[in-house]
Structure formats: C-alpha cells, structure tokens
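Asker: Sequence:
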Amino acid sequence: MSRFADSFSGHSILVADGATGTQLQKAGLPAGTAPESWNLDNPTAIRTLHSSYKDAGANIVLTNTFGGSRIKLNRNHLGEKVVEINRRAAELAREVMKDDGLVFGDMGPTGELLEPLGSLSFEQAVTAFSEQAAALAKGGADAILIETMSDLSEARAAIEGAKQACDLPVIVTLSFDTHGRTMMGVKPSTAMQELWPLGLAAIGGNCGRSLTDTLAAIEAMHQANPRAVLMAKPNAGLPHSKDGQTVYEVTPEVMAEYALKFKDAGIKIFGGCCGSTPDHIQAVAKALRTAG
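Residue numbering for the sequence shown follows full-length UniProt numbering, beginning at 1 and increasing consecutively.
If you are wondering where the hints come from, they were derived from the structure by calculation, not from laboratory data.
Backbone N, C-alpha and C define an ideal beta-carbon position, used for all residues, glycine too.
There could be a bad hint or two in this list.
In silico DSS-like pairs for lysine-lysine, Cα to Cα no more than 30 Å straight-line [as the list claims (entries may be wrong)]: (1) K268 with K242; (2) K163 with K81; (3) K286 with K261.
Simulated restraints on C-beta separations [unchecked claim]: (4) D279 with L117: 34 to 42 Å; (5) R209 with Q245: 17 to 25 Å; (6) L198 with Q245: 40 to 48 Å; (7) F8 with S119: 39 to 47 Å; (8) S2 with L238: 22 to 30 Å; (9) R209 with D167: 30 to 38 Å; (10) F8 with S51: 20 to 28 Å; (11) S9 with Q164: 37 to 45 Å; (12) P116 with F8: 22 to 30 Å; (13) V254 with L198: 28 to 36 Å; (14) M184 with D99: 36 to 44 Å; (15) D167 with G244: 47 to 55 Å.
My request is simple: use the sequences and hints to build the entire structure.
Answerer: Take a look at the structure:
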C-alpha cells in the first residue's frame, strides 16, 4: 500500500492516463486484433503510448490488459499466453514510469455473465481474475484496477481474485449510464455500500455515456460515503463518425473544465477513458495543478 499511499503526498489529486484502445488503433492496431497481443508483438507501441501520457503529466498509467483474463483472451486464441501477456504489460508500463509514478494493473470484465444469468460460476471468475492479478503483480504493478464493471457479483469475484493473488491495493470503478445505474442496474450508492467494505483502496466510475453521467455517479458515491477515496475516468463523450473517422465530442478544454467539477465532488484520482488522448490528459493535469 505504501507506494500508492505515498503518491498522494504533494498531490491533492493524482492524474491517470487516457484511452488505450482508441490510441492503439491510431497507432495501427488492426481491426479485430486484441490490443493485449501488442504487449508481446509490438512492445514499442505500448511504451510509446505510456510515454505519451507520462509526458502529458499523468501520475498513473494503466497496463494494456483490459481484456487480459484467460476467459477473454480465449476468444482470440491467446488464453495460454495469459501470464506472459499480463506480466509483460506491467513490465512495459514500469519501464516507462520507473519510480516517477504508479502502474495500475488493469482488469476489465470477462465478457461472460455469471450464474444464474449466465454459465460462468463465481469460482471460475475468481480463478481467472486471480491468475491475471498475480501476473500483473509479478510484472511490477503498484495496484490492481478493476474497471468498467456492471455486475456486483463479477466485481466481488475480481476483488476476491486480486486479494488471493497479491497484497497490492485494489481499486474498483463501475460504468454508469444516463439512468444513474450500471447496465446490470446497480446504483452508485449500492456499489459503495456493497464494495467499499471489502477493503478497497479506491472506488468510483469510468467509461459511461458522458462526463455528466459519471460526475453524477461520483457525487452519489461521495454522498453515500464521504470518506471513501474516489476515482473517475470518464469517456471523452460519445463517438460519432466524421469524414469516415470515429471521433469523440469532448475537447481537451471541456474535459479540463469537468476535471475541476470532479475535484469539487471529492475525487482523488482523475483520468480519461475511451476517446481521450494525451492532449486531454495534458489539459486536465494543467487545470488540476493550477487549481491546487
């Protein structure tokens, strides 16, 4: 916990990085290719991505392992490389950040529904997350970030798996929509009540439909537990097509303005999710550090 906790000294808010997938696509990741494969096949691109965010002012970078569980990697015939992919992802991020910042080992949803809605058992999910977290820890991650969760059962499985695998701080962020709930109907206050007592280092929201939706979720979480450490990593708005390209509507200037609103809502870690770029993070870092 020490490196994570010590990082707050001298910083009222830690700045996390921006998007991974959309940035790797800009760098040439072929459509339909698992981003995680580039940890082995194109490590230079991964280092370049992390460096761009560090240079923009990020204190934290996430490993390129959002879909890095064995369950998710199996869809791309990469399941047998799960340990190598996750360990190498953490090593690449650590090589860039050195001792100048934090590496969050990123774990996203498995993509499967847990019983009774689906066929994946709670125990199978725990095993998959534990395997991933162990490899991320071995590669040098400072904390495990469980993100874009919708189902409390899957979030619990990921927390249990991470805690079985290592003693790193564990953070959970869920994705909320315009109705103030996750896709599985979970309210921000319910997530706080159910997950925070499990020994988390931070909790919050990421992705979502808009900055406004994620801000509302963070405000509800803060109200439910004012002492909890909160993290937000919202999308740069919604994507749309322009001249044959997918673009996101939120500019760096707008995201920086919202970063200050999140600060007022009690956030301690702020970054960007889908569509956000190093320019967004640079604007956010400048705004937050100017505000003090």
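Asker: Now, for every hint given, state plainly whether the structure supports it.
Answerer: Here is what the structure says about each hint:
no.: 1; hint: K268 with K242; result: violated, 35 Å
no.: 2; hint: K163 with K81; result: holds, 22 Å
no.: 3; hint: K286 with K261; result: holds, 14 Å
no.: 4; hint: D279 with L117: 34 to 42 Å; result: holds, 40 Å
no.: 5; hint: R209 with Q245: 17 to 25 Å; result: holds, 21 Å
no.: 6; hint: L198 with Q245: 40 to 48 Å; result: holds, 42 Å
no.: 7; hint: F8 with S119: 39 to 47 Å; result: holds, 41 Å
no.: 8; hint: S2 with L238: 22 to 30 Å; result: violated, 39 Å
no.: 9; hint: R209 with D167: 30 to 38 Å; result: holds, 35 Å
no.: 10; hint: F8 with S51: 20 to 28 Å; result: holds, 24 Å
no.: 11; hint: S9 with Q164: 37 to 45 Å; result: violated, 30 Å
no.: 12; hint: P116 with F8: 22 to 30 Å; result: violated, 41 Å
no.: 13; hint: V254 with L198: 28 to 36 Å; result: holds, 34 Å
no.: 14; hint: M184 with D99: 36 to 44 Å; result: holds, 39 Å
no.: 15; hint: D167 with G244: 47 to 55 Å; result: holds, 48 Å
The structure is inconsistent with the numbered hints 1, 8, 11 and 12, although it conforms to all the rest.
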